[in-house]
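Number of protein chains: 4
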Amino acid sequence: MADQAPSVAMEAVLKPSCDLPEDMPKIRGYDFNQGVDLQAVLKSYLTTGFQASRLGLAIQEINQMIEKRLEPVEPDEGNECDKSGESKSGCTIFLGYTSNLISSGVRESIRYLAEHKMVDVIVTTAGGIEEDLIKCLAHTYLGDFSMPGKDLRQRGINRIGNLLVPNDNYCKFEDWLIPILDQMLLEQNTEGTRWTPSKMIHRLGKEINNTESVYYWAYKNNIPVFSPALTDGSLGDMIYFHSFKNPGLILDIVEDIRKLNSQAVFAKRTGMIILGGGLVKHHISNANLMRNGADYAVFVNTGQEFDGSDSGARPDEAVSWGKIRTDAKPVKVYADASLVFPLIVAETFALHTDKLTAGKKTD
Amino acid sequence: MADQAPSVAMEAVLKPSCDLPEDMPKIRGYDFNQGVDLQAVLKSYLTTGFQASRLGLAIQEINQMIEKRLEPVEPDEGNECDKSGESKSGCTIFLGYTSNLISSGVRESIRYLAEHKMVDVIVTTAGGIEEDLIKCLAHTYLGDFSMPGKDLRQRGINRIGNLLVPNDNYCKFEDWLIPILDQMLLEQNTEGTRWTPSKMIHRLGKEINNTESVYYWAYKNNIPVFSPALTDGSLGDMIYFHSFKNPGLILDIVEDIRKLNSQAVFAKRTGMIILGGGLVKHHISNANLMRNGADYAVFVNTGQEFDGSDSGARPDEAVSWGKIRTDAKPVKVYADASLVFPLIVAETFALHTDKLTAGKKTD
Amino acid sequence: MADQAPSVAMEAVLKPSCDLPEDMPKIRGYDFNQGVDLQAVLKSYLTTGFQASRLGLAIQEINQMIEKRLEPVEPDEGNECDKSGESKSGCTIFLGYTSNLISSGVRESIRYLAEHKMVDVIVTTAGGIEEDLIKCLAHTYLGDFSMPGKDLRQRGINRIGNLLVPNDNYCKFEDWLIPILDQMLLEQNTEGTRWTPSKMIHRLGKEINNTESVYYWAYKNNIPVFSPALTDGSLGDMIYFHSFKNPGLILDIVEDIRKLNSQAVFAKRTGMIILGGGLVKHHISNANLMRNGADYAVFVNTGQEFDGSDSGARPDEAVSWGKIRTDAKPVKVYADASLVFPLIVAETFALHTDKLTAGKKTD
Amino acid sequence: MADQAPSVAMEAVLKPSCDLPEDMPKIRGYDFNQGVDLQAVLKSYLTTGFQASRLGLAIQEINQMIEKRLEPVEPDEGNECDKSGESKSGCTIFLGYTSNLISSGVRESIRYLAEHKMVDVIVTTAGGIEEDLIKCLAHTYLGDFSMPGKDLRQRGINRIGNLLVPNDNYCKFEDWLIPILDQMLLEQNTEGTRWTPSKMIHRLGKEINNTESVYYWAYKNNIPVFSPALTDGSLGDMIYFHSFKNPGLILDIVEDIRKLNSQAVFAKRTGMIILGGGLVKHHISNANLMRNGADYAVFVNTGQEFDGSDSGARPDEAVSWGKIRTDAKPVKVYADASLVFPLIVAETFALHTDKLTAGKKTD
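Protein chains in written order, with the working numbering: chain A, 5 to 367; chain B, 5 to 367; chain C, 5 to 367; chain D, 5 to 367.
Derived from the structure by calculation, the hints contain no laboratory data. It cannot be assumed that every hint is accurate.
All copies of an identical chain are treated as equivalent in the list; a pair is satisfied when it fits inside any one copy or across any two copies.
Unchecked claim - Keeping only pairs whose Cα atoms sit at most 25 Å apart, straight-line, the calculated SDA-like set for lysine to any residue is: (1) 333 <-> 21; (2) 154 <-> 270; (3) 203 <-> 251; (4) 47 <-> 356; (5) 333 <-> 155; (6) 176 <-> 51; (7) 249 <-> 189; (8) 210 <-> 189; (9) 249 <-> 197; (10) 333 <-> 77; (11) 72 <-> 214; (12) 249 <-> 263.
These figures come from a predicted structure and were not determined experimentally.
With the hints as extra help, turn the sequences into a complete structure.
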């Protein structure tokens, strides 16, 4: 009697399984007996599982965006975005990222994309603008997450995660920015310029005139950059100070929302690459609702869905809103973008530099 | 020889300890043999450890804000915020929250704070505005995180975490909003009104005229509400549509940053209560840099510092920037705010309703 | 032409929605105008959304376990667990928790459950055993997460999150434990006792003889406690030291796995309440596979599924393995258990103390 | 008057900063204008910030372990671990990992380390053993995190994150394992073998006799593998079934804790590489307390400290316990190990294959 394991247990544990489809990928990681071949290591990620597989899928998804982008498209009549006469691409790529990534060395990957006009629309936060400009004026350093805030404040050192930014950098930024704000106000008052965040960013990119800057290249390559809450950062501090000395500057966010939405509405196809959450994730996704959803999407962030935040929502939540097409295959990689975005660029845009830059005037 | 454990191990494991200070709190949780007394359970959280202790500290920190707030303050000459002649409070409380909390039932806690003018300044995102207004028009429902996006989109149901919002709600919102936008544009063109996000929110609060609305009460109680990226949501969709039919509306974000910063600069003391990350966390913190730091701060969010995001940064990072005073005792509670904010309100503002509302005209 | 918003945008944004079922819960939070009634606040959580709703569902799920548990069941012949002649319960409740919760004040909630025999089987880690016993010898204190490790080590203070445990506590534990190990070895050698972790824990509960101890009550109430890696902690340190002075003790884990699985196999129904991840989550779930799945399940933890860990897996992953029944409605609450478990106990077991303890000999 | 920004704001924002040390690393990412050079990309991570910098530091830390490991060491008298006469290494490397990593393609990286005897001690969970053996019998597949558990169970497919394991794999495992259990019991009864988890794993590695298996190589290379809760998984299921047909097998965990601790106590130096949390993280760390702390440590996991779990604790918590030396520079990388461990191996062990395998008998 007791010499037999309980049948309920045997049956539950040894339940037979149905066959899986034959073409289902088998899990297998990289075999280092083949030598150290990093490209092959990354290629093996697709069958490694968990977020490694997600990274592999993200690379595939972006390479799809690029492939579609390279398809020629006829200029479309009546398209607001197309007044320049430039031929549209087969896939308009929206790139979004949070401020911290510009503070980090991910900035150089983003600058590369802007420099070679590999993306079409950029959305970031105020810090995502100013930190790029400030880096043209002074350095950001590597510190540690555990450095005490009180000591740092007393020394005038600002911490961003494990990065350190001397406060003098912001003083230099003020010196640089205030005359530009004076000039912008003058143009508003004399030429009737109606400033918006995207126009201001375009101007700042021109003024910084530095090939290390993302926004210099966005200016050169006419990549619109949207940042509706542009006052939420050091730029806002300076605008605030400036409003006392020289009041009257207006930054209008209505014109920008139309400009951004038009980028989505009149695109043949769209792809979203969004690093981080908050405003940048929502703003790009919402613009893509205007076209009943993006065709391609890659999210890289560390947010989780359980608290109901948009930041942590899975792409499938965006599908319910019509922000991603119901037949799309969006990919979310749960990771700090600093770990994966340079690898993604290496396996996508940078591999296709020749094709992507053919005929571009990016001098 | 082998009958003795290695001395290195014995010494390492059995290292004697120095005495801890006598007044150090001992860990002890609630004893349910005392019966079910939820207030006593929450009181025991301070000595329960981990985030329970953090919740206990957050309640203490907010009660400090309230105590200081109740101290009478002389009206200050030259204070931009004080033109109304209202007596300032001893502690200006900034409340920030992300959109999802308004979609959730946390809205009712926030409405209570606005209704009784228990907070002085509000910062939220576009969704944090519109979802409150929309809830006056139609309901939001409880669903599940795992409901497939494709099915939902086909049925016109939008998912926010485990909440469901029928898309008809947004249609109703359009019907309600468009005439207001017409009127706003008219006033801009005829009366020279210079609209900002905070002025628009004030107007929407007036128009909704519904005691269930947070922004109705913010309007009634003259609580300024800031949302610089007000176009980043359904409001932006409607403004976009409206820009075709009736173009020309301008929403200026410069005036608002001055107004927000002034709230911090001219306050006697300030306290920050910030639920969630992204823009709302940064915007309030940055305003408090203008006064060399908030005196009190409570953050409730699920962000982590490891990715260098401002959302996940510990309060001590804000100290390095001068956004929180170096002698403050800021508290971060790592939790979904839906779990803890109603409890926090219960143990802070709601306990002091009588004192906080004495002499307020909140009819 | 341009006076009409693009139709694709209008149609996507204003897509009509299908009706939701009439009985779908509407989102509404607690109205503090009703006064501070914490029980009503918690009741409102079910319709608050996000993890508040999950907490509400967890409370319902556990109350279901309790209801079924109170249903009388006929003693079953041939049941390994039933040799005592005690009448079985209608729902065998497995409680699991990680070590840190015993270090925290959650211990008092757990002790209450053991004291009143409200749960049937306990699974924890080595630390989950020893920290309870050590607390009978000396205190644990509230510190802070940011206290530097080097300073603490030099002072002989161990940190567990924001808790501090003087190392002297472990010295006291050694003094207490070593004679018991001597005695256990003697019994093994003279009486043929075959020690297992669960038998050792039973003995330690007897020896500690302290009504503040979880394992004292588990001993008194014959609640089996499983901890297969019982050597992974201070207990292991002491067993290691003891093995030099007095070698030969054997702790067998085979007998315990049979004993644990039998608890699941021969239960009428089972419920799992698992706080935290790692071994305790897997061990209870795996035992419930032996009965083709638990009928009820509540997980409280902060793990996420994206890294493929069992700790972070949603309950639905356990369904695929047969560890939870396919028709069960398991609930996961994403939260630090210190924040929610005392509230859960307050709204479940503690509310039903009278019924649950009727006829129990828990003196 | 109003033409000057408030001085408190100006002073707070424009606070001058002290100089940072000249040798502080400047943040700069990889410049893809240099072409796609993945090794250079990874090298740039050190100055990229956030977790990219942590990955760079982890690679440095492990290369330190390897450098010290290659230093020749005199065999030590009285060393329990040294009875074989093998020369000890200058740094004993402990590798720990959770079960899911063996299910994933990270297994191949781990097998490489075992195959070439690049690590000295392994600690894993039951699943970390059996999944390796089962993979020698049948495949694991790539699925998706969102596949519904009920459907999967009905088809007999088990899900591990986004991996799928047909239940037939476990049936095959039973067929393979039961005769080995019979034999083990026979040896226990006839030869007096006192089985421990590590001895059983050694035997299973021999029996599987497959060069794809981690434990085959651990057996071949005499790398001890510890797994005190070896019954917590499919192995436990089979041992449970076997206990009915052929009862009496004993698995003792006392002998193993002494063996594990000795590995730490008698090492010249130690390094810990721990992927994931739970038992594997604690067990290795606790063993290193026996030598007053590891000299080197790299943790890769997704746990967070806020809930007080050992899994999420920063290395600095282990310093307070004496598990890591107070002068060590431990590194935690917050990431899914599937994303970073193959890259780590590529930049550490695999780069030094020649030196590490010189004179090893790994045929």
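Do the hints match the structure? See the list:
1. In this homomeric assembly, residue 333 and residue 21 come within 25 Å of each other (Cα to Cα) only across copies, at 24 Å, whereas the closest approach inside a single copy is 28 Å.
2. For the homomeric pair residue 154 and residue 270, the shortest alpha-carbon distance between copies (24 Å) is at most 25 Å, but the shortest distance inside one copy (51 Å) is not.
3. In this assembly of identical chains, residue 203 and residue 251 lie within 25 Å of each other by CA distance both inside one copy and across copies; the values are 19 Å within and 19 Å between.
4. Proximity of residue 47 and residue 356 under a CA criterion of 25 Å is satisfied in both settings, with 16 Å inside one chain copy and 22 Å between copies.
5. Taking the shortest alpha-carbon separations for residue 333 and residue 155, only the inter-copy value of 15 Å comes in at or below 25 Å, while the best intra-copy value is 48 Å.
6. Taking CA atoms no more than 25 Å apart as the test, residue 176 paired with residue 51 passes between copies only; the shortest distance there is 23 Å, against 49 Å inside one copy.
7. In this assembly of identical chains, the alpha carbons of residue 249 and residue 189 lie at most 25 Å apart only when taken from the same copy (12 Å versus 29 Å across copies).
8. In the homo-oligomer, the alpha carbons of residue 210 and residue 189 lie at most 25 Å apart inside one protomer (17 Å), although the nearest pairing across protomers, at 33 Å, exceeds that limit.
9. In this homomeric assembly, residue 249 and residue 197 come within 25 Å of each other (Cα to Cα) both inside a single copy, at 20 Å, and across copies, at 23 Å.
10. When the C-alpha separation of residue 333 and residue 77 is checked against a cutoff of 25 Å, the pair qualifies only within one copy, where the shortest distance is 23 Å, while the shortest distance between copies is 51 Å.
11. When the C-alpha separation of residue 72 and residue 214 is checked against a cutoff of 25 Å, the pair qualifies neither within a copy, at 31 Å, nor between copies, at 45 Å.
12. When the C-alpha separation of residue 249 and residue 263 is checked against a cutoff of 25 Å, the pair qualifies only between copies, where the shortest distance is 16 Å, while the shortest distance within a copy is 31 Å.
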